[in-house]
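Trainee: Next come the chains, spelled out residue by residue.
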Amino acid sequence: MARNGFYVKLLTTIKEKYASIDELKSLTGFIGILILAAAVTPQFYLPQNITILLGQASVIAIAALGEAFVILCGSIDLSVGSIIGLANVVAAILISQYNFSPYMALFSVATIGGIIGLVNGIFVTKLRIPSFVVTLGTLTVVRGIAYIISGGLNIPVYNDEFLRLNEVFYGIPIIFWIYLIALIILTVFFEKTRLGLYVRAIGSNELAIRNLGVDNSGVKNLSFVFSGICSAIAGYVLGVRLGAGYPHSGLGYELDVIAAVVVGGVALTGGTGSLIATTIGAFIMMSILNILVLAGIGGFVQYVVRGIILLIAALAMRRVVAFVK
Amino acid sequence: MSEEMLRVEEVSKSFGEVKALSDVTLGLHKGELLAIIGDNGAGKSTLLKILAGVYPPDSGKIFLEKKEVEFRNPMDARKAGIEMVFQDFMLCPDLDVTQNVFLGREIISSQFLNYQIMKKILKEKLKDLKFDIPSTEKKVRFLSGGQQQMVAILRTLVFNPKILLLDEPTANLSAAASEEVMSFIKQLIKTRMIGGIYVAHDLNAIIKYSDRILVMRSGKIAAERMPGETNPIELVRLMRL
Chain H
238 MARNGFYVKL
248 LTTIKEKYAS
258 IDELKSLTGF
268 IGILILAAAV
278 TPQFYLPQNI
288 TILLGQASVI
298 AIAALGEAFV
308 ILCGSIDLSV
318 GSIIGLANVV
328 AAILISQYNF
338 SPYMALFSVA
348 TIGGIIGLVN
358 GIFVTKLRIP
368 SFVVTLGTLT
378 VVRGIAYIIS
388 GGLNIPVYND
398 EFLRLNEVFY
408 GIPIIFWIYL
418 IALIILTVFF
428 EKTRLGLYVR
438 AIGSNELAIR
448 NLGVDNSGVK
458 NLSFVFSGIC
468 SAIAGYVLGV
478 RLGAGYPHSG
488 LGYELDVIAA
498 VVVGGVALTG
508 GTGSLIATTI
518 GAFIMMSILN
528 ILVLAGIGGF
538 VQYVVRGIIL
548 LIAALAMRRV
558 VAFVK
Chain X
211 MSEEMLRVEE
221 VSKSFGEVKA
231 LSDVTLGLHK
241 GELLAIIGDN
251 GAGKSTLLKI
261 LAGVYPPDSG
271 KIFLEKKEVE
281 FRNPMDARKA
291 GIEMVFQDFM
301 LCPDLDVTQN
311 VFLGREIISS
321 QFLNYQIMKK
331 ILKEKLKDLK
341 FDIPSTEKKV
351 RFLSGGQQQM
361 VAILRTLVFN
371 PKILLLDEPT
381 ANLSAAASEE
391 VMSFIKQLIK
401 TRMIGGIYVA
411 HDLNAIIKYS
421 DRILVMRSGK
431 IAAERMPGET
441 NPIELVRLMR
451 L
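Going down the list, the sequences are from chains H and X.
Position one of the first sequence corresponds to residue 238 (the working numbering), numbered consecutively onward.
Position one of the second sequence corresponds to residue 211 (the working numbering), numbered consecutively onward.
In short, the hints are calculated from the structure, not lab data.
Since the model is a prediction, treat every value here as computed from it, not as a measurement.
Please note that the accuracy of each hint is not assured.
[Unchecked claim] Think about it this way: if two alpha-carbon atoms lie no more than 27 Å apart in a straight line, the pair counts; the simulated DSSO-like pairs of lysine-lysine are:
{"hint": "1", "chain 1": "H", "residue 1": "K246", "chain 2": "X", "residue 2": "K333"}
{"hint": "2", "chain 1": "H", "residue 1": "K429", "chain 2": "X", "residue 2": "K289"}
{"hint": "3", "chain 1": "X", "residue 1": "K337", "chain 2": "H", "residue 2": "K246"}
{"hint": "4", "chain 1": "X", "residue 1": "K335", "chain 2": "X", "residue 2": "K396"}
{"hint": "5", "chain 1": "H", "residue 1": "K429", "chain 2": "X", "residue 2": "K335"}
{"hint": "6", "chain 1": "X", "residue 1": "K330", "chain 2": "H", "residue 2": "K429"}
{"hint": "7", "chain 1": "X", "residue 1": "K348", "chain 2": "H", "residue 2": "K429"}
{"hint": "8", "chain 1": "X", "residue 1": "K333", "chain 2": "H", "residue 2": "K429"}
{"hint": "9", "chain 1": "X", "residue 1": "K348", "chain 2": "H", "residue 2": "K246"}
{"hint": "10", "chain 1": "H", "residue 1": "K246", "chain 2": "X", "residue 2": "K340"}
{"hint": "11", "chain 1": "X", "residue 1": "K259", "chain 2": "H", "residue 2": "K363"}
{"hint": "12", "chain 1": "X", "residue 1": "K240", "chain 2": "X", "residue 2": "K335"}
{"hint": "13", "chain 1": "X", "residue 1": "K329", "chain 2": "H", "residue 2": "K429"}
Make a model of the complete structure from these sequences and hints.
Mentor: Below you can see the structure in the form of structure tokens.
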């Protein structure tokens with residue numbers, strides 16, 4: 238009897254520890270995917286494929302960092318795919334038609350992304366419209382703007398400095414280094430600053446935060462601004478990979494980005510999760526899609542798989558939340 | 211009677227058509243635990259939330275240590291030394307004990323959160339108060355209801371408050387734990403000469419621990435009794451007249 242009690246206690250402690258470390262859940266999933274890859278398509282581990290995967294994952298992972306802030310606050314940002322598209326087009330126009338340096342173009346699109354995020358935030362916090370509705374509206378408006386300013390046409394970029402960003406540095410794509418820099422900066426902000434703490438606190442219990450006198454609207458606004466900036470940087474990085482601005486680029490990316498965040502273990506109800514876990518989530522998503530391509534499974538099936546991953550992740554999160562809350 | 215530290219003068223508050231408080235006037239002295247009782251909707255929680263800066267009053271004045279104060283938000287009240295234990299704890303289950311206790315008043319060193327100092331302060335406080343909380347690093351969602359209530363109380367005590375507002379502070383505790391917490395709060399108020407306003411439904415506990423009892427009815431102070439001169443039956447009658 239006493240021994241039974243000991244095992245129950247031990248099991249509970251292990252479960253609690255497992256549930257309390259946000260990265261462990263997504264890491265377990267990622268290890269599972271890596272084992273699956275070895276079994277299904279050994280080409281997955283070829284250096285060329287790893288380089289391609291890192292480049293592909295960078296776009297989704299950068300946007301997912303910003304989305305994670307919004308979801309951790311208990312909101313959602315559906316406009317990320319359209320901001321990616323707009324930033325991709327604007328960067329291409331600024332560099333190819335207005336002779337902006339790639340770095341000035343990056344700064345400009347990040348500013349535009351931040352402004353779109355701020356507009357989203359103001360509608361959510363000041364006008365009290367649910368984020369789902371607000372960002373569904375901006376998703377359409379921003380995509381429309383991308384089509385208007387590009388005239389619906391593709392804009393090739395012939396700037397060598399810009400195209401060089403698609404090369405590798407120490408065996409790793411430069412755009413992945415850009416992602417790593419963003420991850421480090423935002424993780425420090427998220428884990429070590431007051432505002433990062435408030436993001437989690439708002440998602441955990443917004444009423445408590447308000448009753449303690451913390452400016453919850455300001456923090457929520459800031460998370461939408463981060464999301465806009467990250468999506469814009471993701472759009473710029475996508476432009477680097479494509480070597481051009483495509484007005485329809487980023488179409489439907491919001492689903493991949495949200496899936497990456499949820500697969501990474503960020504609760505859709507907010508409060509729980511981490512940026513490193515979100516990164517793992519993005520890699521899980523992109524690795525699965527990569528395995529499908531290597532296994533010769535077509536694009537239409539990939540859509541089905543994407544949706545199923547999101548549903549499974551949402552279901553898993555519901556179970557975890559049910560256990561821990 | 212010791213010096214008056216808090217004075218509320220003719221405070222009123224309405225929510226749309228509903229008048230929640232109507233010209234409420236009361237005083238609180240140093241070292242006093244003042245109980246406020248009343249049926250649901252009598253205005254007790256609204257009064258506490260006005261004093262905690264959660265709601266602004268529509269009219270009336272609040273004086274803290276003889277100086278008129280105006281709380282635009284809860285942080286103003288906390289900075290003035292008024293702390294509240296909310297009925298439903300108001301904790302963030304996904305944050306740990308340290309983060310919850312210091313929420314809104316974190317210790318910052320070179321722009322970054324200094325958890326080392328916060329944990330040190332908290333551990334000393336826990337030792338001082340003899341609170342049974344397993345770890346300051348444990349997420350609050352893994353604590354029992356009683357331990358969560360202790361964290362909620364702890365949050366008010368870490369910053370040495372002048373006035374404690376307690377909205378059903380022992381609602382989630384066992385009888386034994388309730389006794390312990392209320393004895394502790396009473397002793398704290400007496401030894402540190404702070405003030406306490408206590409809202410609860412347990413009339414026996416009200417009579418046992420409070421120094422004075424105000425009865426509220428329909429947003430007004432309807433009666434005042436001393437604990438030694440009343441009983442639960444009379445208090446129920448006063449609440450429902």
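Trainee: Next, verify each hint and record whether it holds.
Mentor: Here is how each hint holds up against the structure:
1. K246(H) / K333(X): holds (25 Å)
2. K429(H) / K289(X): holds (24 Å)
3. K337(X) / K246(H): Roughly 26 Å separates the two Cα atoms, so the pair holds.
4. K335(X) / K396(X): Holds - the C-alpha atoms of K396(X) and K335(X) are around 17 Å apart, at most 27 Å.
5. K429(H) / K335(X): The hint holds at about 23 Å.
6. K330(X) / K429(H): holds (17 Å)
7. K348(X) / K429(H): Holds. K348(X) to K429(H) sits at ~18 Å (cutoff 27 Å).
8. K333(X) / K429(H): holds (21 Å)
9. K348(X) / K246(H): Holds. K348(X) to K246(H) sits at ~16 Å (cutoff 27 Å).
10. K246(H) / K340(X): holds (25 Å)
11. K259(X) / K363(H): holds (23 Å)
12. K240(X) / K335(X): Satisfied, since the Cα-Cα distance of roughly 23 Å is no more than 27 Å.
13. K329(X) / K429(H): With Cα atoms ~15 Å apart, K329(X) and K429(H) stay inside 27 Å; holds.
Figure legend: structure checked against the earlier numbered hints; every hint is met.
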